[in-house]
Amino acid sequence: MSDPPDMVTGNTEAPSGETQEAAPVGGAGEERRRRHDLWMSGTEVPPDLGRYTDEGSQEMLEHEDAGMLAEQWGTLVSDDYLEDPAASDEETQIVNMGPQHPATHGVLRLQVELEGETIRRAKPIIGYLHTGMEKTAERLSFLQGPTNVTRMDYLSPFFNELCFSLATERLLGIEIPPRARAIRVLMTEMNRVASHLVWLATQGLDIGALSMMLYGWRERELFLDFFEKVTGLRMNHNYIRPGGVAADLPDGWEEDVEAILAAMPGGLADYEGMLTENPIFIERTQGVGVITPEECLAYGVTGPVLRAAGVDWDLRKVAPYSGIDQYEFEVVTGQHGDTYDRYLVRLEEMRQSLAIVRQVAESMPAGDYRSDDRKVTPPPRARIDESMEALIHHFKIFTEGFKVPAGEVYEAVESPRGELGMYLVSDGGTKPWRLHVRGPSFANVQALPVLLTDSLIADTVATLASVDPVLGDVDR
Amino acid sequence: MAFTDLAARFPQAVFRTSYGQDVVRVERGDLVAFVSAARADGFDFFIDLCAVDYLTRRPHRFELVVNIVSTKQESRLRILTGIPGGDPVAPSLTGLYAGANFYEREAYDLFGIRFDGHPDLTRIVLPDDWQGHPLRKDAPMGSVPVQFKEADA
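Chains as they are written, first to last, in the working numbering: chain U, 1 to 476; chain D, 1 to 153.
The following block holds chain U by itself, in its conformation from the complex (with noise of 0.2 Å):
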């Protein structure tokens, strides 16, 4: 613009049939303007900053052709909407947000029709993330197993291995010792509690109450420092494993969880009394994204969203896995099915978990943390040095791998974010024929335009949060 208008007087009126021109035809591209100038009028203009227009982002959808369009966003992509006529109406318009959006979480696409700012149609689409981990599996031994799914979630990597180790065993038909499966409970019941507290950083960060994040990331730290005191690694652990537990539990393990026990409560308090009564996190988060249970159970959500709905539904309850039905611990429920509720679940089951964790804690079995069944079990650091036969027995499970017997299974677990399931098909030999997961994230994020449609494109990033959809989870 060489010859910008005069804005510091306020005058709204287009001088010249030049920006006339450049100006998008329509009321809502008039509108934008004469607000924008209004907002500029009275300040000190740069010279270099011009005039707004549309320039760039309406123009460029109604003028390129569709060849043009294929080749930018790759070709063939079902964006249906660019096909559509009745979509290409004057008054929508498509944004794309991802998938490099800062608050999708990963590397999510999402593609909105906005009407004004709402939002009446959207579509995920996914797969940025993919890197082939089903073909993988079918790759590496049943021991090598978790190393691959552990990496699926990256915020429950431990419900993967346990998922991924309890179908493998039940497969084996192998009985794991007590206090296996005690650890298994502690270390997936604390992952849930640090899953969630991240879910707290990102909902309370997507919509401006920037500490949340900091104070979710803070207390987050108390898990993963423990995490890797007890398995060497913060996150990715291949902890949990077919027949047991890696490792036993550290010394002075007991401490560590009871300062971790003592920590919390004031923390989810203290947040509690930032956000629950808070009137603009109200504001933003009730009635914001509504899902039905029946919308729910037919897309196949699962987790906190589908019992913020009202459904009273968790698999620790109805398909317990590991003894985790001999600790008491309540099914948080909501009743609305919106963000806040979803909220208030996942507040509430932090403190569930905390106080099962604090059961396991007090009622550690004493005892072996892994299986007795040689035949997954490598022998014991000791033999190796004084048996042949123990050396090559080792080596034999780490090279090639115990064999589990033909057969199928479907084993589910409750993630943080709902089912986490895996079929895992054996022919006999040392590695999966076939390994598929159902992520609980790529069903919820299937959910989005039922969550999404009719609401305000400023509500998105604030519904989308509050699904916690982790994208590793989605695309795998």
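Quick caveat, the hints were computed from the structure, so don't treat them as lab data.
By construction, the Cβ of each residue, glycine as well, lies at the ideal position given by its N, Cα and C atoms.
It is possible that part of the hints are untrue.
[What the hints assert, rightly or not] In silico lysine-lysine, DSBU-like type, Cα no more than 35 Å apart, as pairs:
#1 K135(U) x K137(D)
#2 K396(U) x K137(D)
#3 K317(U) x K72(D)
#4 K431(U) x K137(D)
#5 K403(U) x K137(D)
#6 K317(U) x K431(U)
#7 K375(U) x K137(D)
[Said to hold, decoys possible] Quick partial rundown of chain D residues pointing at chain U, CB under 10 Å, derived from the structure:
#8 L49
#9 V52
#10 D53
#11 V65
#12 V69
#13 T71
#14 E74
#15 Y97
#16 G99
#17 A100
#18 F102
#19 D109
#20 V125
#21 L126
#22 A139
Starting from the known structure of chain U, fit chain D onto it as the hints suggest.
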């Protein structure tokens, strides 16, 4: 036996218990009718759908595995359907459960099984110009050709 109604209505369907899990095998032609009847029977919760490539180890090369749950009876049913390798077409369940949409797209993407009646059967996790269906057993690993600039110079 929890599924007497379904068993009476579908005499060809083979019910069994495998590792403590309820499994039923139905013919491809009966799949939609069976799932529809199961849904009317209270199986309102769609959980999972996936495919397995058995090559020649089973009468049909592919097997479709559908998991549904009844929230009232708290029971879970796994439905297996053989899909011949020469004609990899299956009826779509999207008319019964909206959630089947992404799972069928995934099975199409990775196994090349086409779903009759699916509203938007496109690739979901792989790029749209990808060749082949990588989870098939005849799709080898590590065989993606890598183009190097001026490699033959």
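Original post:
Would the hint on A100(D) stand, with a C-beta cut-off of 10 Å toward chain U?
Top reply: holds, 8 Å
Subject >> Proposed proximity, K137(D) with K135(U) (alpha carbon, max 35 Å) >> reply: Distance ~9 Å between K135(U) and K137(D) Cα, so the pair holds.
Original post:
Does the structure keep K317(U) and K431(U) at a Cα separation of 35 Å or less?
Top reply: Judged against 35 Å, a Cα distance of about 31 Å means the pair holds.
Original post:
Given A139(D) as an interface hint, is the shortest Cβ-Cβ distance to chain U below 10 Å?
Top reply: holds, 8 Å
Subject >> Hint check: 10 Å Cβ-Cβ cutoff, D109(D) to chain U >> reply: Holds, about 8 Å.
Subject >> Evaluation of the interface hint that places L126(D) against chain U, nearest CB under 10 Å >> reply: This interface hint holds because 6 Å falls under the 10 Å limit.
Original post:
Does K375(U) pair with K137(D) here, judged by a C-alpha cut-off of 35 Å?
Top reply: Cα-Cα ~28 Å, so holds.
Original post:
Hey, does the V65(D) contact hint survive, CB to chain U under 10 Å?
Top reply: holds, 6 Å
Subject >> Interface hint status, V69(D) versus chain U (Cβ within 10 Å) >> reply: holds, 9 Å
Original post:
If you take the shortest Cβ to Cβ gap from T71(D) to chain U, is it below 10 Å?
Top reply: Because about 6 Å separates T71(D) from the closest Cβ in chain U, which is inside the 10 Å limit, the hint holds.
**OP:** Have a go at the G99(D) hint: is there a Cβ in chain U nearer than 10 Å to its own Cβ?
**Re:** holds, 4 Å
Subject >> Status of the hint placing Y97(D) at chain U (closest C-beta pair under 10 Å) >> reply: This interface hint holds because 5 Å falls under the 10 Å limit.
Violated hints are absent here; each numbered hint is respected by the structure.
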